[in-house]
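Student: Take a look at the letters that make up each chain.
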Amino acid sequence: GQNIDQPTEMTATEGAIVQINCTYQTSGFNGLFWYQQHAGEAPTFLSYNVLDGLEEKGRFSSFLSRSKGYSYLLLKELQMKDSASYLCALYNYGQNFVFGPGTRLSVLP
Amino acid sequence: DGGITQSPKYLFRKEGQNVTLSCEQNLNHDAMYWYRQDPGQGLRLIYYSQIVNDFQKGDIAEGYSVSREKKESFPLTVTSAQKNPTAFYLCATRGGTYGYTFGSGTRLTVV
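Listed in order, the protein sequences are those of chains A and B.
Okay, so the first sequence: first residue is 213 according to the numbering used here, each after it adds one.
Okay, so the second sequence: first residue is 772 according to the numbering used here, each after it adds one.
Incorrect hints may have been included.
[Claimed, not checked] Derived, one-sided and incomplete: chain A residues facing chain B with beta-carbon distance under 7 Å:
| no. | residue |
| --- | --- |
| 1 | Ala-254 |
| 2 | Phe-257 |
| 3 | Gly-314 |
[What the hints assert, rightly or not] A short, non-exhaustive set of chain B residues, derived as facing chain A with CB atoms under 8 Å:
| no. | residue |
| --- | --- |
| 4 | Gln-812 |
| 5 | Gly-813 |
| 6 | Leu-814 |
| 7 | Leu-816 |
| 8 | Tyr-819 |
| 9 | Leu-861 |
| 10 | Tyr-869 |
| 11 | Gly-870 |
| 12 | Tyr-871 |
| 13 | Phe-873 |
| 14 | Gly-874 |
| 15 | Gly-876 |
If you are wondering where the hints come from, they were derived from the structure by calculation, not from laboratory data.
Beta carbons: idealized from backbone N, C-alpha and C, even for Gly.
Produce the complete structure using the sequences and hints provided.
Tutor: In C-alpha cells form, the structure reads like this:
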C-alpha cells in the first residue's frame, strides 16, 4: 500500500516562508504531485516531481527525496490568498493517484 | 476552453431519495473519477472509469452507482442505500501535464 502523511494544520504569517511536508511509505512510484484547494473549490495543480531535487515555480517550490521517503512544498512571500489546503498525491503509470489527507494552511496578517 | 463541468453546484436530498450528479468533460481524457470529500478530510475514491462502458469500484463505492455510456459523461447516482451522503463531491479526469483535472464540485446535503 501507499500510506501518505501530512500535518493536519499549519499557521504562518503574511510575508513569511512555510514548508509543508509529505511523507510516504511505498515500494515505488513514478511521480509526486502537489495541489492547492481553497475551501469549497476544486483542487488545482501546483507542482510535479519525478526526479529527486527541487522544482521551482515562482513563489512555490516542491522538493522530492525518494531515498528519504518525503517531499515538501515551500511557499515563499506568503499572501493571504495562500490560505488553503495543500494535497500531495503519488502517481504510478496506469494506476490511480493516491492522495494524502491534506494540510490546511492559515495565513495570518 | 477545455474543462470539466459539474452540476448542480448545490443539491439537497430528502431521506430515501436517489439523486444524480452530473459530470461532463471536453478534454478528450479517457479516465474519469468520482471523489468524496468530507469537511477537513482528504479525497476518497468512489468510482472510476478508464474507458467507455467500463468502470471500477473505488474505496467507498457502497451506496453509489455510475455509468459511462459516452466518453464525455460520467454521472454519479447517490442511492438511498448511502446512509451518510452529505459531502462535497468532486469529478476528475486524468491526462496531460497536470495529472488530474477537477471539476468545481457538487455539495450534497441531506434535508
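Student: Look at each hint and say if it fits the structure.
Tutor: Hints, one by one, checked against the model:
no., hint, result
1, Ala-254, "4 Å, holds"
2, Phe-257, "4 Å, holds"
3, Gly-314, "5 Å, holds"
4, Gln-812, "7 Å, holds"
5, Gly-813, "4 Å, holds"
6, Leu-814, "5 Å, holds"
7, Leu-816, "6 Å, holds"
8, Tyr-819, "6 Å, holds"
9, Leu-861, "6 Å, holds"
10, Tyr-869, "4 Å, holds"
11, Gly-870, "5 Å, holds"
12, Tyr-871, "6 Å, holds"
13, Phe-873, "4 Å, holds"
14, Gly-874, "6 Å, holds"
15, Gly-876, "6 Å, holds"
Hint check: no violations occur; every hint is consistent with the structure.
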